[in-house]
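> Modelling step: build the complete structure from the supplied sequences, incorporating the hints.
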Amino acid sequence: MDLDYRLQMIDKRLERVEKILLIVSGKGGVGKSVVAATLANHISKEKLVGLLDLDLHGPTLPLLLDHVGRLGGQKDGVNPVTAGRMKLVSLGLLTVEKPMPLKGEVKRDLIIELLSEINWGKLNYLIADLPPGTGDEALTAIRLTIRKSSAILVSTPSPHSLGAVKRMSGLLVDEDVKITGLVLNMAYMVDPHRGVTPFGKYNAQEIEKKIGVKIIAELPLDPEIASSTPINMEKLSSEFHNGLEMIYQAVQRSI
Amino acid sequence: METLGEIEDLKGVDYMVAIREGRFKCLKCGHEWDFKDSVKSLKEFSKETYGVEEPEGLESPLHFFPQLITVFMKCPKCGSSDMEVAGGMDTVIERAILEDQ
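For the protein sequence lines, the chains are A and B, in the order given. Our numbering puts the first residue of the first sequence at 279, with every later residue one more than the last. Our numbering puts the first residue of the second sequence at 2, with every later residue one more than the last.
Honestly, I wouldn't trust all of these hints.
Once the Cα atoms are required to be at most 16 Å apart in a straight line, the calculated EDC-like pairs of lysine to aspartate or glutamate come out as [claimed, not checked]: (1) A:Lys353 / B:Glu3; (2) A:Lys323 / A:Glu512; (3) A:Lys376 / B:Glu45; (4) B:Lys48 / A:Glu375; (5) B:Lys75 / B:Glu7; (6) A:Lys381 / B:Glu49; (7) A:Lys325 / A:Asp289; (8) A:Lys400 / A:Asp289; (9) A:Lys400 / A:Glu296; (10) A:Lys426 / A:Glu293; (11) A:Lys513 / A:Asp469; (12) A:Lys400 / A:Glu293; (13) A:Lys376 / B:Asp83; (14) B:Lys75 / A:Glu395; (15) A:Lys376 / B:Glu49; (16) B:Lys75 / B:Asp38; (17) B:Lys26 / B:Glu85; (18) B:Lys78 / B:Glu22; (19) A:Lys290 / A:Asp354; (20) A:Lys290 / A:Glu395; (21) B:Lys37 / B:Glu22; (22) A:Lys400 / A:Glu324; (23) A:Lys381 / B:Asp83; (24) A:Lys297 / A:Glu324.
If you're looking for bench data, these hints aren't it; they were derived computationally from the structure.
Below you can see the structure in the form of structure tokens.
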């Protein structure tokens with residue numbers, strides 16, 4: 279019997295969550311949180327969606343989403359805040375702009391706490407924005423959610439980012455995590471710089487061969503995302519919306 | 002204790018509980034201090050950030066995420082944010098006395 283009661287609580291908290299989507303990357307700065315936030319928004323048009331920010335050092339989801347309420351507790355746990363049609367939990371809601379100098383074991387502990395204390399209620403999808411890389415906190419989150427999860431890898435087409443994402447996909451395979459596919463983010467520009475590929479020309483088939491994971495969507499670098507917080511979904515390009523729909527379709531196929 | 006009491010194997014167990022105060026150590030200057038020495042700065046942070054002096058008890062984020070305590074505090078001696086919890090955060094079983102049945 280495991281004496282850490284929180285590990286038993288995780289199953290209870292996630293009991294009414296049908297599917298967990300882990301948004302992962304090999305390194306930071308590839309737009310993982312943007313993909314998590316916009317995908318959650320897209321799916322929430324027809325499903326019940328929760329969004330969990332597990333990026334402990336750089337929680338950005340509160341910046342990307344228009345949210346109301348304050349993260350607070352009750353006797354039986356912590357209730358998410360509301361962000362449009364979604365439920366949102368992020369430590370950024372508590373720490374605001376304070377630096378978060380957290381040590382290794384503390385980070386692992388916080389991940390367990392976040393998974394064991396939140397009252398999500400019924401959700402069709404819980405989308406978890408994981409910390410970048412293959413560190414302790416990412417591993418902990420992956421292991422503790424494995425029964426309901428599948429992973430969506432996010433990378434730019436840059437060789438540096440792809441090298442890191444290959445390491446991450448290797449880790450996911452070793453941990454027996456189902457992989458839905460790879461999203462190439464910031465792959466090309468939309469108007470007024472249409473045709474520009476900011477990370478250079480790339481060959482999607484070669485990338486798939488190298489990483490060993492199918493590309494499920496190529497998202498553009500949309501100036502709207504860089505220029506607005508929170509993200510205004512209505513102002514995003516049709517290419518971006520189409521990309522989100524392709525990711526969602528891949529998710530549905532993988533279930 | 003209530004949760005433990007619900008576990009079949011632990012029914013009928015008597016517990017002796019000792020409360021240890023939270024203690025912190027600065028990793029920059031080595032200074033150690035007690036939680037009570039930081040209460041004032043925590044209240045100030047809470048007022049500045051949330052608009053209330055101190056969200057009490059269950060309302061406090063620290064109730065559910067005590068690991069964040071080092072985010073909200075600074076070393077009272079040198080002002081560094083680099084610190085660790087030196088004691089008093091976890092619930093630990095220090096000793097178990099077993100009797101033959």
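> Hint by hint, say whether it matches the structure.
Status of the hints after comparison with the structure:
1. Proposed proximity of Lys353 (chain A) and Glu3 (chain B) is supported: the alpha carbons are some 13 Å apart, at most 16 Å.
2. Simply put, Lys323 (chain A) and Glu512 (chain A) have alpha-carbon atoms about 13 Å apart, close enough for the 16 Å limit, and the pair holds.
3. For the hint linking Lys376 (chain A) to Glu45 (chain B), the alpha-carbon distance of about 14 Å falls within 16 Å, and the restraint holds.
4. Distance hint between Lys48 (chain B) and Glu375 (chain A) is fulfilled; the C-alpha atoms sit about 15 Å from each other, no more than 16 Å.
5. Using a Cα cut-off of 16 Å, the hinted pair Lys75 (chain B) and Glu7 (chain B) is violated, with the two alpha carbons roughly 39 Å apart.
6. Between Lys381 (chain A) and Glu49 (chain B) the CA atoms are separated by roughly 25 Å; this puts the pair beyond 16 Å, and the hint is violated.
7. Distance restraint check for Lys325 (chain A) and Asp289 (chain A): the Cα-Cα separation of roughly 21 Å exceeds the 16 Å cut-off, and the hinted pair is therefore not satisfied.
8. Restraint check: the Cα-Cα separation between Lys400 (chain A) and Asp289 (chain A) comes to about 13 Å, which is no more than 16 Å; the hinted pair holds.
9. Taking the CA atoms of Lys400 (chain A) and Glu296 (chain A), the gap is about 8 Å. The hint holds against a cut of 16 Å.
10. At roughly 10 Å between alpha-carbon atoms, Lys426 (chain A) and Glu293 (chain A) fall within 16 Å of each other, so this suggested pair holds.
11. Restraint check: the Cα-Cα separation between Lys513 (chain A) and Asp469 (chain A) comes to about 13 Å, which is no more than 16 Å; the hinted pair holds.
12. Pair hint Lys400 (chain A) plus Glu293 (chain A) holds up; C-alpha atoms about 8 Å apart against a cutoff of 16 Å.
13. A C-alpha spacing of about 13 Å is found between Lys376 (chain A) and Asp83 (chain B), which places the hinted pair at or below 16 Å, so the restraint holds.
14. Distance hint between Lys75 (chain B) and Glu395 (chain A) is unfulfilled; the C-alpha atoms sit about 26 Å from each other, more than 16 Å.
15. The straight-line distance between the Cα atoms of Lys376 (chain A) and Glu49 (chain B) is roughly 12 Å, inside the 16 Å bound, and the hint therefore holds.
16. Of the supplied pair hints, the one linking Lys75 (chain B) and Asp38 (chain B) holds, its CA atoms being roughly 11 Å apart against a limit of 16 Å.
17. A distance of roughly 5 Å separates the Cα atoms of Lys26 (chain B) and Glu85 (chain B); the hinted pair therefore holds under the 16 Å criterion.
18. Under the criterion of a C-alpha separation no larger than 16 Å, the hint pairing Lys78 (chain B) with Glu22 (chain B) is inconsistent with the structure, at around 19 Å.
19. Restraint check: the Cα-Cα separation between Lys290 (chain A) and Asp354 (chain A) comes to about 12 Å, which is no more than 16 Å; the hinted pair holds.
20. Note on Lys290 (chain A) and Glu395 (chain A): the hinted pairing holds, with a Cα-Cα distance of about 10 Å set against a maximum of 16 Å.
21. With a C-alpha separation of about 8 Å, the suggested pairing of Lys37 (chain B) with Glu22 (chain B) holds against the 16 Å cut-off.
22. As the CA atoms of Lys400 (chain A) and Glu324 (chain A) are separated by approximately 14 Å, the hinted pair is consistent with the 16 Å bound.
23. For the proposed pair Lys381 (chain A) and Asp83 (chain B), the alpha carbon gap of about 9 Å is at most 16 Å, so the pair holds.
24. About 15 Å separates the Cα atoms of Lys297 (chain A) and Glu324 (chain A), which keeps this hinted pair within 16 Å; it holds.
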